[in-house]
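**Student:** Could you slot chains B, C and D onto chain A? The hints should help.
Protein chains in written order, with the UniProt record's numbering: chain A, 1 to 381; chain B, 1 to 381; chain C, 1 to 381; chain D, 1 to 381.
Accuracy of the hints is not assured; some may be wrong.
Which copy is meant is left open, because identical chains are indistinguishable; a pair holds if it fits in one copy or across any two.
Said to hold, decoys possible - Keeping only pairs whose Cα atoms sit at most 27 Å apart, straight-line, the calculated DSSO-like set for lysine-lysine is: (1) 263 / 274; (2) 2 / 237; (3) 274 / 210; (4) 2 / 267; (5) 122 / 48; (6) 332 / 237.
By construction, these hints were calculated from the structure, which means they are not laboratory data.
Protein chains: 4
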Amino acid sequence: MKMNRELVMIPGPTPVTEPIRNEMERETAAFKDPNFIEDFQQVISDLKNLWGSSEVFVVAGSGTLSMEMAISNTLKKSDPVLVISHGFFGDRMAELCERKGLEVDVLSCEWGKAVPVEEVEKKLSNKNYRAVTVTHVDTSTGTKAPLEELGKLLDKHQDTLFIVDGVCSTAGEPEFINEMGIDILLTASQKAFGVPPGLAIVWASDKALKRREKIGEISEYYADFNKWLPIMNDPSKYFGTPPVNLIWALKKSLEFIKTEGLKERFKRHQVRGKAIQKALEGIGLNILAEEGARASTISNALYPEGIDDTFRKVLKEEGVVVAGGLGPYADKLFRLGHMGNIDINELVTVISSIERTLFRLDYPVEFGKGVNIFLDNIMRN
Amino acid sequence: MKMNRELVMIPGPTPVTEPIRNEMERETAAFKDPNFIEDFQQVISDLKNLWGSSEVFVVAGSGTLSMEMAISNTLKKSDPVLVISHGFFGDRMAELCERKGLEVDVLSCEWGKAVPVEEVEKKLSNKNYRAVTVTHVDTSTGTKAPLEELGKLLDKHQDTLFIVDGVCSTAGEPEFINEMGIDILLTASQKAFGVPPGLAIVWASDKALKRREKIGEISEYYADFNKWLPIMNDPSKYFGTPPVNLIWALKKSLEFIKTEGLKERFKRHQVRGKAIQKALEGIGLNILAEEGARASTISNALYPEGIDDTFRKVLKEEGVVVAGGLGPYADKLFRLGHMGNIDINELVTVISSIERTLFRLDYPVEFGKGVNIFLDNIMRN
Amino acid sequence: MKMNRELVMIPGPTPVTEPIRNEMERETAAFKDPNFIEDFQQVISDLKNLWGSSEVFVVAGSGTLSMEMAISNTLKKSDPVLVISHGFFGDRMAELCERKGLEVDVLSCEWGKAVPVEEVEKKLSNKNYRAVTVTHVDTSTGTKAPLEELGKLLDKHQDTLFIVDGVCSTAGEPEFINEMGIDILLTASQKAFGVPPGLAIVWASDKALKRREKIGEISEYYADFNKWLPIMNDPSKYFGTPPVNLIWALKKSLEFIKTEGLKERFKRHQVRGKAIQKALEGIGLNILAEEGARASTISNALYPEGIDDTFRKVLKEEGVVVAGGLGPYADKLFRLGHMGNIDINELVTVISSIERTLFRLDYPVEFGKGVNIFLDNIMRN
Amino acid sequence: MKMNRELVMIPGPTPVTEPIRNEMERETAAFKDPNFIEDFQQVISDLKNLWGSSEVFVVAGSGTLSMEMAISNTLKKSDPVLVISHGFFGDRMAELCERKGLEVDVLSCEWGKAVPVEEVEKKLSNKNYRAVTVTHVDTSTGTKAPLEELGKLLDKHQDTLFIVDGVCSTAGEPEFINEMGIDILLTASQKAFGVPPGLAIVWASDKALKRREKIGEISEYYADFNKWLPIMNDPSKYFGTPPVNLIWALKKSLEFIKTEGLKERFKRHQVRGKAIQKALEGIGLNILAEEGARASTISNALYPEGIDDTFRKVLKEEGVVVAGGLGPYADKLFRLGHMGNIDINELVTVISSIERTLFRLDYPVEFGKGVNIFLDNIMRN
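Looking at chain A on its own, in the form it has when it is part of the complex:
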């Protein structure tokens, strides 16, 4: 057992703060315990109120299950769907849609760039898609999709559902279901909520729920909205045993979110994310995602000449864990999550650890420079 704390700054699971971890440790209650029912109700109503949706589904599972729930409940075989892909998770959505027998068109681009909204517009004017999907932030590239503009575009296509994969964004990046015309927002617990992994979370608009009705019985069972709706409206009912401790953990996370204010939370992520990216660039690390398409929740930083994935090993010795590159960027970049319930001191720690790591790898480093840039950006604005 290690004496000191290791800071897990991968794009999920993100650090779980102590008050949330305390919820994980509690004696598991009966899921029909009146106090637990009240807690679960609170979670559901908080999720609906904060994000402004008609319904929300909180189910034991991972983000992958969320994706499947989104698709299975809104599209049926042969339905045309447009998948905007900015990387691995966009491609996964396409694969999932194909698995479901949909007619899938994919709009993708070079990793690190964002698909221009005009291209989406063109596609939409050529075919009557039943849904457009987009990964708000693709962790493989750190690219953020222009959600607001896509929402506006889709406003003109009332029969096309707008499905947003928020796994690496929700609770960190601005997502307002009503205002942005989102029909399905899907995510998981272990990202910007700062809860351990194990919960799939899916919000649905009225339009999405109507679509669900329209498509009738589906072959999926565990992923079926219709099976969970009664429970989400009255958690004293049963379909599957809820993961009691994870729901308590999510409740605690939502308490922090309400205290902070959701908009303030988005703002915090935006300001700090930008500052981190400036700091990384100042140290000499390029960000994969192009300016204007960078996430506030994650930064994928390319290793400079002469540095390889040994970087991550050394960084772990310095107390910080980051993720490696995916696909074409394996060994070429590291992926740094900076979302959820983390504070300035933890971000300073991260930047300083990166500097120390580069130094140990014989890369020229001026200690404190990254911290300087980061704080100048945060404190002097």
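**Tutor:** For chains B, C and D alone, kept in the frame of chain A given last:
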């Protein structure tokens, strides 16, 4: 916050002992952390070795997901399947199979009785089923299916898979995958493993895996064995983020199981379960399941004349939580789980609490009588 | 690490309930942290209000330190003091007084009996004692002193301080400082408060504080009331670093005491203590303390013919830890604590475990008999 | 409840790492539990082996009790003692010695300076002191005494005991009992051991133990070595109830110390302490203690012109708690502890938080400068 402990003796979640709860509280590690990968590997290999299967799948989800995984990966549309139902969860399996477009035959009987093996035999001789499913212990009735005999019977039908729903039995009732000819065994974490809810666990035999290959691509994505197989063989790979803390909790539970010995654990459940049932009968409570078909993990006890579900409210005040009756037995019985990591003292507590509760409800009680019967059965044999 | 809980039923430390243990785990705050200062203030004011004293001292230490604080701050060399001793801890008080150079008279009696109040009266009429000390409950014998009567007697001797060692009684046995004319009440955290060991707690009446003033500077430093008084009146001041986590634990214990009500707590101990003693006698174990002088917080039960201290080893295997006999009763009895934050189910567990232990030692046992007597006494009155 | 962690960097209690806090939360064992006895033995033998003493005493209490134990057990009324004082805690030692009726000579100097060894030498040549005491690191000033040189000096005075108050140094600053000729080393748990407050720890050399024998019975009881010696040699014996959880916490701390190596630990404190002081000076904060007399465990930094104690309030908002100045330096400096189980990232956090705090108070700050100096000192040497 309550000063004293409430003993949650429903048929799941079962009491989570402190060493397991400590795992839930740990700082969540990166799922590619070498230590976590090792932990996950240990869990997988323990599950395979202890139950004697070719493969096992450990996935964020509930028992309902396990059921869907079992069916989706082994049967395709129009396949004939025989569902043996001893209550709510047997019926649910039938419903799930229908949802999947299977040709479903159901063998059921009066609640509390077990379907005679001869009836199953007859069915099997009349139709070439692709699978037979049975709920080992149905929590709605507390009935235990004659697993060993069914296994022997199915031995003569090599094309018919034997699918066992072990949600309320696995790790408490004898289930040996190879010896008993089981092809799929499915369960969840919050029952006889004594881990909080949130994990679906599914074992598969070679025959089941061959069937999976044969049926080709399936429409389910998250539930697809093929997606998880690479991870179960090498947990450093990724399909969906594993619920890190729950896997640690399961690992700790498996450590206790290995220390105790799996057969000794089965024996413990058997001896104590029988003793509890004798004790309940001695107090004046009839057991719904008929003699010979009673589970070792759960007892569904009918309220005597004059007692209704107020019983459960008062029992909670006495420190013990049990579940209510389902379907036709709502308000007519309570369901008492006695599986997992519980000790004699907790069972004495339960019996004594039941006596005190009956006393408070003006039912004639001789305090200590149930404890007497329970311990006579355990200690004097 | 054990799978199941071991119930520590010695006369201290007593079982620490989970909400109190959670306080032990918290990140230690600065002792000048405003929140901690408030918490400490709350503890002090609760202790004063509940027991009705002028001052209280809460200091890192054990009950032995409490004893020394009591004596050092109220008596000076050559002062005559009368020590009423009902066993080991009474004798220890005498030894401590001798160490301090006092003129010590000891009134003792056969272990298990109580010194008659008349004997005390006689002593008091013969000599002008500066203080009378008594151990309210002596854990070596389980004897309870007649506190109320002693208080009344001392009412006629206004120059004689009444010093009560409440280590094994406070928060379990009735002790009202004003009403009973107590001048010093001393105790420790790990007994009927149900807090881990590490805190010495001493209450002082106005009379005791005046005595402190009168005797001037004392040679003890850490034990000096005068050093701690400023801190007890304003915990933002410093003399020694307070044991932050233990004070939080005590605060939580006091919350439970306030919720329960102090008188109800005393009543609970009285009713249950008596019922336990009846149960033990019914099983065949004699109680050392004579009827009328039995504590509500502890029972010292003599082993029947043929049983020796192996009993405690076997009982531990049955899940319950008790203490062994002291002095002349080593190997002849066990000491069972039944004080603090324990509930009926834990007491049933204890009685049932004792029965099982006797059975395993070939002593004739009717299982459940002790539980029967215990509950008949509690539930049918 | 706060979402994020507050780093308590006062000169004690210091941050308690999670593995140590887990020990605090454990169910309290009986102090005669064989496992606990073994744990306590391990603690005692580790303390003796690591520091090289004949005996050690681990008792519920605070550092103030340690001081009293040191004096009470080695000096008797009228004994001449020389107290070297570098601030508040040196003066307290003088006060304590006076309380004990000793003939006290005090050698002190301006706060921040160290008493020259020559002055001590002169004193020693003029009077036959029974003991010389020195506070190794006085937290009021951050001054470190020249322990090694004092030890050498005392080597020539074999009848004079060398008593070292290590409250703010032990486990952080080099203290080797045999090599340095220390006779009594006293400390507490909440400083460089990184354990919550509540334990007094006192080591004694053979010479000190012989002195104890010589002085015969003492009036102190709880502080008496003779009462505790049997327990320290065999923790299955009883004098006062040991603070079980704190002893477990200390055991865990000792495990980390053994893993790190005691000399490496001293070196770590030295290197980092110096680097912190350079960084603080670089930012513009003067250190009270003069160069050559600076502790490695604490830095007392004077506020620059225009900054007052509001600094500490703002710093707390930035996530770090430090202590205020004492006596003449109230409001004029802050006291920063940097000892125990803290890592580089926490120290970077501290320095960066101080910069942000100064910036918020309109003091000219170049963000990252302190971090730069700190890391240059640590990484480039």
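**Student:** State the violated hints by number, sorted upward, taking the hints as numbered earlier in the document.
**Tutor:** 3 and 5
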